[in-house]
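Student: Using our numbering, the first residue of the sequence shown is number 1, and each one after it goes up by one.
Please note: incorrect hints may appear among the correct ones.
[What the hints assert, rightly or not] Quick list of in silico lysine to any residue cross-link-like pairs, SDA-like style, CA-CA up to 25 Å:
1. LYS676 - GLN717
2. LYS656 - LYS602
3. LYS474 - ASN348
4. LYS101 - ASN348
5. LYS656 - ALA646
6. LYS51 - LYS61
7. LYS517 - SER200
8. LYS535 - ASP385
9. LYS528 - SER544
10. LYS213 - GLU127
11. LYS62 - LYS213
12. LYS429 - LEU511
13. LYS419 - ILE530
14. LYS419 - ASN502
15. LYS324 - LEU238
16. LYS474 - ASN426
17. LYS602 - ASP317
18. LYS61 - THR97
19. LYS602 - GLU669
20. LYS528 - LYS676
21. LYS528 - GLU613
22. LYS109 - GLU127
23. LYS709 - ASN633
[What the hints assert, rightly or not] FRET-style restraints, in silico, Cβ to Cβ:
24. GLU582 - ASP47: 31 to 37 Å
25. LYS419 - SER132: 52 to 58 Å
26. ARG82 - GLU513: 55 to 61 Å
27. LYS61 - ILE672: 32 to 38 Å
28. ILE108 - THR28: 41 to 47 Å
Worth flagging that the hints you see were computed from the coordinates, not collected in a lab. All C-beta atoms, glycine included, are put in the ideal place defined by N, C-alpha and C.
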Amino acid sequence: MESLRFNALKSLQSHPTEVPVAASKKVTAIFGENVFTLDVARHYLADEAYKSLIASIDSGKKIDRSMGNQIANGMRAWAESRGVTHFTHWFQPLTGTTAEKHDSFFTIKSDGSPIEQFEGDALIQQEPDASSFPSGGLRATFEARGYTAWDPSSPAFIMEIGHGKTLCIPTIYVSYTGESLDTKTPLLRSLDALNRAAVSVCHYFDRNVGHVKATLGWEQEYFVIDAGMANSRPDLVLTGRTVFGHSSAKGQQLEDHYFGSIPERVYAFMRDFEEESYRLGIPLRTRHNEVAPCQYECAPIFEEANLAVDHNILLMDIMSRVAKRHNLKVLLHEKPFAGINGSGKHNNWSMSTDTGVNLLAPGKTPKTNLMFLTFFVNVIKAVHDYADLLRASIASEGNDHRLGANEAPPAIISIFIGKFLTEVLNEVKERVGENFTEQDEILLKLDIHKTIPELLLDNTDRNRTSPFAFTGNKFEFRAVGSSANCANAMTVLNSIMAATLNAFKQDVDGLIEKGEKKEVAIMETIKKYIVGAEKVLFEGDGYSEEWHAEAERRGLPNIPTTPLALDAFVTQQSKEMFESLEVYNHAELEARHEIMLEEYIKRVQIESRIMGELCTSHILPSAIKYQNILIENIKGLKDLGMMGNAFANQVQILEKISKHIAEISDGVEKMIEARKACNSMTNTRARAIAYCNTVKEAYFDKIRYHVDKLELLVDDQYWLLPKYREMLFIR
């Protein structure tokens with residue numbers, strides 16, 4: 001009987017070497033065709049309903065019941081014209097993924113006659129079960145009521161799954177008592193808080209600014225492997241990543257995969273998921289090979305942050321579904337194993353005004369440069385003051401494997417701004433205060449373009465080792481994990497920026513009240529912020545050991561594991577900051593802390609269980625089978641009268657195999673006992689730390705080491721599991 005391994009390899013080899021790719025369709029011809037855009041709404045809604053929808057999107061104005069009915073009817077008419085029969089509230093519970101419950105437009109009237117119907121009440125609010133999603137104690141099992149509420153700022157769209165089509169309505173998700181149970185609600189709150197704070201500061205420079213929005217451009221890295229190979233690995237099926245594996249003789253060391261020719265199977269898959277994405281209004285622009293074998297990346301054009309987050313999590317679902325059509329598997333894990341690059345999700349973040357100004361791009365006049373410098377320095381201050389919270393926002397079991405692994409930023413949060421802007425900040429420190437007392441003189445001297453090229457796009461080299469780097473007109477938060485929902489990191493970033501801008505406004509107004517001119521007050525406050533936050537600036541190699549020592553000397557936090565990093569969410573500083581902005585209340589923060597700790601525990605627990613299962617049910621039996629072959633070989637040589645040196649190598653191999661079998665068996669037993677001890681702890685934080693220190697750190701690497709050594713000794717034909725390194729090459 002053929003082994004799992006050889007069946008998988010046989011399946012891989014049976015795929016055609018050339019994959020047919022459909023003819024290109026002009027992107028502009030299909031872009032957004034499955035989205036209820038404002039242009040579509042204009043055709044399907046009466047003028048009054050259309051204006052009500054616009055007012056809700058632009059200013060958050062509540063849509064009344066009569067307008068809700070008109071909008072719902074217009075949506076249904078559009079959806080039915082495209083073959084849709086069902087609708088769903090599409091929301092993002094605290095599972096890291098999305099959720100949906102489909103309902104039909106079909107209903108029966110009181111007289112028994114059938115009708116297609118979609119009313120405003122169904123559009124605006126639904127009631128999914130709140131007891132079976134993570135709530136961190138906000139909801140008990142018997143307290144099932146929860147609500148989803150329509151988010152008009154993110155347009156409805158049609159999802160095609162197989163032969164069915166469903167109208168998806170992006171919504172928030174809250175409990176019966178009003179607490180947020182999702183990632184979208186706090187994101188929207190943080191965007192509102194940032195808008196209020198940023199507009200207030202913008203009015204120092206331009207009274208015409210009425211709204212500031214955060215923008216986001218994410219870069220999604222991912223692995224693609226053959227589905228047959230993936231399905232033959234129980235660890236990939238159950239955990240999304242391999243728990244055993246090591247680099248092949250040829251991996252990424254020749255750097256020949258990066259930006260290389262895209263394999264035809266993968267190219268066909270890319271074309272397919274891009275087309276679906278375009279139809280859903282996701283503005284993908286870039287695709288390319290990444291560093292590791294079978295690793296790729298895609299990236300869109302910048303969008304408003306709420307919509308960009310929705311599009312990213314929607315894209316992850318699309319990619320996974322489309323891959324199945326090509327007999328491929330998309331892996332969004334952060335890192336497979338040492339020696340192979342992990343995958344991240346670089347979040348390129350900025351702020352823009354409704355007057356068309358990017359607040360993180362210098363202007364063409366000293367006055368607009370002063371506005372740029374104000375927001376630029378406030379970002380630095382925010383990251384310095386809340387570095388631990390930013391670290392917590394990207395903490396996960398998977399990302400712990402990646403951070404600081406010499407191909408991703410370390411767990412130390414620092415900022416790279418480049419030498420030119422460093423010189424500007426140093427000049428501000430040195431010249432403000434003693435020399436400048438007149439408004440006009442300050443404005444004339446603050447001509448950044450004498451030092452920096454106008455667009456600031458290429459004024460400095462990039463620093464890929466920095467977790468938070470300025471890249472010309474935006475900041476790139478590089479430490480977010482591949483599988484993460486961007487909403488968590490963006491909520492924290494928006495919030496800490498809002499809090500810092502509020503403090504900046506108070507500081508400047510305080511100086512103005514004491515008689516300082518506005519520009520002098522702004523510059524004095526900027527100088528104070530530079531001096532107080534400059535230790536978070538770092539221009540060097542973030543991968544180096546020297547930086548770890550330097551960061552410790554500076555007093556910057558370095559928190560390598562998730563259980564400890566998550567503490568930042570429930571510090572007094574975080575609670576006061578989030579509650580003052582009305583992003584999270586005390587109960588919501590405590591609940592999220594509990595949920596994230598529990599998720600960490602469960603992920604380590606699942607990996608531990610599958611590791612033990614693979615060892616006892618797959619790896620050890622195949623090793624013992626080969627061990628018996630060696631024993632028979634040695635016996636046969638002895639029976640032939642051969643001397644001991646004739647089979648010395650076989651004996652040596654046999655001894656090594658026996659040693660590794662014993663070590664693996666012992667490690668699995670001890671890991672199980674350690675897991676039981678952890679599970680007996682009642683405090684979630686203590687249990688998470690114990691899982692990290694005793695189950696994961698003490699046993700995972702030990703068992704992996706002996707499995708790797710065993711793999712090198714056992715004949716391939718006896719190794720049941722396909723070796724992960726074989727999966728990393730798609731022909």
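Student: Decide, hint by hint, whether the structure agrees.
Tutor: Checked hints:
no. : hint                        : verdict
1   : LYS676 - GLN717             : violated (36 Å)
2   : LYS656 - LYS602             : violated (34 Å)
3   : LYS474 - ASN348             : holds (6 Å)
4   : LYS101 - ASN348             : violated (32 Å)
5   : LYS656 - ALA646             : holds (18 Å)
6   : LYS51 - LYS61               : holds (11 Å)
7   : LYS517 - SER200             : holds (17 Å)
8   : LYS535 - ASP385             : holds (11 Å)
9   : LYS528 - SER544             : violated (30 Å)
10  : LYS213 - GLU127             : violated (30 Å)
11  : LYS62 - LYS213              : holds (20 Å)
12  : LYS429 - LEU511             : holds (18 Å)
13  : LYS419 - ILE530             : holds (15 Å)
14  : LYS419 - ASN502             : violated (29 Å)
15  : LYS324 - LEU238             : holds (17 Å)
16  : LYS474 - ASN426             : holds (21 Å)
17  : LYS602 - ASP317             : holds (22 Å)
18  : LYS61 - THR97               : violated (29 Å)
19  : LYS602 - GLU669             : holds (19 Å)
20  : LYS528 - LYS676             : violated (53 Å)
21  : LYS528 - GLU613             : violated (58 Å)
22  : LYS109 - GLU127             : holds (22 Å)
23  : LYS709 - ASN633             : holds (22 Å)
24  : GLU582 - ASP47: 31 to 37 Å  : holds (34 Å)
25  : LYS419 - SER132: 52 to 58 Å : holds (53 Å)
26  : ARG82 - GLU513: 55 to 61 Å  : holds (59 Å)
27  : LYS61 - ILE672: 32 to 38 Å  : violated (58 Å)
28  : ILE108 - THR28: 41 to 47 Å  : holds (43 Å)
The structure shown violates the earlier hints numbered 1, 2, 4, 9, 10, 14, 18, 20, 21, 27.
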